[in-house]
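Residues per chain are reported as follows:
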Amino acid sequence: MKRLTARRFAVAMGCCLLLLVLAVAISPGVGTYRLGLVEAWRSYFAGDRESDLYVIAFVLRMPGTVKALVAGATLAMCGAVFQTLFRNPLATPYTLGIASGGSLGALIAISAGWRVTVLGLSSVSFSAFAGSAAVLGVVVLLARSSRRLSGNALLLAGVTIGFFCSAMMMFVTHLASVHDTFRIVRWMMGSLETVGQVEVRALLVILVPVWIVLFLQAPNLNQFELGDEVSATRGVNPAVLQGLCLGLASLAVAAVVSICGPVGFVGLIVPHGVRLVFGPDNRIVLPGSALIGATFLIVCDWLTELLPAWYGQLVSREMAASTIPIGVMTALLGAPLFLWILRSRLK
Amino acid sequence: MADRSSVCPILELERLRYGFVDRPDFLGPVDLSVEPGHLWGVIGPNGAGKSTLLRLAVGLCRPTGGAIRLSGRPLADVSARRRARMTAFLPQQPMAPPFATAGEIVLMGRFPHRRYFLFESADDLAAARAAMEATDTARYANRPMGTLSGGEAQRVHLAAALAQQPKLLVLDEPTAALDLYYQFAVFESLRSQVDATGLSVIVVTHDLNLAGRYCDRLLLLDDGKPAACGRCDEVLGADVLERVYRVRFERPGGDGGQRWVLPVRRSDEPSGESRSEEAR
Chain A
1049 MKRLTARRFA
1059 VAMGCCLLLL
1069 VLAVAISPGV
1079 GTYRLGLVEA
1089 WRSYFAGDRE
1099 SDLYVIAFVL
1109 RMPGTVKALV
1119 AGATLAMCGA
1129 VFQTLFRNPL
1139 ATPYTLGIAS
1149 GGSLGALIAI
1159 SAGWRVTVLG
1169 LSSVSFSAFA
1179 GSAAVLGVVV
1189 LLARSSRRLS
1199 GNALLLAGVT
1209 IGFFCSAMMM
1219 FVTHLASVHD
1229 TFRIVRWMMG
1239 SLETVGQVEV
1249 RALLVILVPV
1259 WIVLFLQAPN
1269 LNQFELGDEV
1279 SATRGVNPAV
1289 LQGLCLGLAS
1299 LAVAAVVSIC
1309 GPVGFVGLIV
1319 PHGVRLVFGP
1329 DNRIVLPGSA
1339 LIGATFLIVC
1349 DWLTELLPAW
1359 YGQLVSREMA
1369 ASTIPIGVMT
1379 ALLGAPLFLW
1389 ILRSRLK
Chain B
69 MADRSSVCPI
79 LELERLRYGF
89 VDRPDFLGPV
99 DLSVEPGHLW
109 GVIGPNGAGK
119 STLLRLAVGL
129 CRPTGGAIRL
139 SGRPLADVSA
149 RRRARMTAFL
159 PQQPMAPPFA
169 TAGEIVLMGR
179 FPHRRYFLFE
189 SADDLAAARA
199 AMEATDTARY
209 ANRPMGTLSG
219 GEAQRVHLAA
229 ALAQQPKLLV
239 LDEPTAALDL
249 YYQFAVFESL
259 RSQVDATGLS
269 VIVVTHDLNL
279 AGRYCDRLLL
289 LDDGKPAACG
299 RCDEVLGADV
309 LERVYRVRFE
319 RPGGDGGQRW
329 VLPVRRSDEP
339 SGESRSEEAR
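Protein sequences, first through last, are from chains A and B. Heads up: the first sequence is residues 1049 to 1395, going by my numbering. Heads up: the second sequence is residues 69 to 348, going by my numbering.
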């Protein structure tokens, strides 16, 4: 029998952190334009902000990496929290309909053609955030109307709201012009493109506190998994914990969806991968998912550029210059990877 | 003060009542005083209010009338953390994540006592080890909960409750899923904990004979009301037992203190002899 000591925790987190640091360090050198990694970092420390090397590596590439880091960490950590709170391995950060609400908001902004910037967010992002917040509001109202909604009732309510938003989305798409429809479909596939870098920084104000608070709830979430009665008699109020964590995680997910679109799969699979490797203890699963989720999305971001460059050479130059949407890449890379981990664990 | 606390009952229920919207006078009034070092059995038919009484005792629901005192203080005034250090609860169907190991589940019982925010101390590990020894589960320590049989898992949950080192341990049918051997084993480990550490236990059970053999006192509930309360021989020997359970009992060797009974048939069934004659 082993207890979790500071040492064991540090070793596990150190492994995950090392992967993330490596991914971030390699990022400036990864892309269609071949660029030596050493030269890229040398240009960073040389301090010439106008040099071509610096612009490619740190003005064009790094912001996408930062965005992938922030989104991946948030989605994976919140996925772990949702799976614990619903006591359901199939729960994802989007289970409460947050992503559908966000998508609907973005769609409305796109098809209405709004072009305003609010609080450093583009109108599409702001509208997406508002849509997610509206869904969260409906869920909260539902939850408050009874003394406490059971996990399953909340799950059903979330799925129902999701279906309603999907129907509305199809309706809006149906009414939209061909050009807008294309933008809508593209938005739904998710994107890490960084036109307005200010967006990520604006959202870190929300995200960083949420990461910290959720991590601090890890020991309580462990007790929560033993059932409402046992956790209550051990000093954890399950209803309060559920309300706090669902609310905060949903807020963070809404923030991510508003800037990246509904990037799927990270929030479902990364926590399971971390559990398969490190065991189900949330004190490791939550921070581990955040670090691995960030790494995973950064690697996916590389591939969105590298893959077209490889297969594009065979087809056409235009195809080689395009990037695959990030939402396509996560499952394309993640599904085989996860199945491989699963198989090696089931042996 | 130390003297007083050793005399002071760990749990006192006074004119305790509880009800639902459609049955406002479901339970009670119940008076009960659990002394330190006593093993109480709560018996009675299905729906008699046994589980409700346990939930009230550990603060999972609020009484609609009367008082509950934990170590002399009103239960509602005791903070959740303090309550968790004094009472442990084992529900009828405890849950555990299937990939957590038995050792992790037992260590999680140390939650109310942990000294560091995030990590377990060496003391926590020692307490968890001792609890696993006491329940004969130490050899499962590294096995995932999902690979344990129902009886093995149940004893791991009991070990977690013991690792919590409560003054009062409350269990809801802990032997329901166990074979005969481990029914004895669970009650024996409860008995030895009670005798060794002065722990108080309240256990709901349907097994009258295990209750009679290992408990110090029994409370018989009938439709939310105490029908009999006191020493095991008094409760098991009482005629009221047959009325409450609607079952005929035989009491072999009845004189030397009635600690076991033999249920023979439903009391509303035609008598056993005439029935076997019909069969012939």
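Rather than coming from a laboratory, the hints here were simulated on the basis of the structure. Incorrect hints may have been included.
Said to hold, decoys possible - Listed below are several chain B residues computed to face chain A (Cβ distance under 10 Å; list not exhaustive):
{"#": "1", "residue": "THR155"}
{"#": "2", "residue": "PRO166"}
{"#": "3", "residue": "GLU172"}
{"#": "4", "residue": "PHE187"}
Glycine included, each C-beta is placed from N, C-alpha and C at the ideal position.
(request) Provide an ascending list of the numbers of those earlier hints which the structure does not satisfy. (result) Going through the list in order, the structure violates no hint and respects every one.
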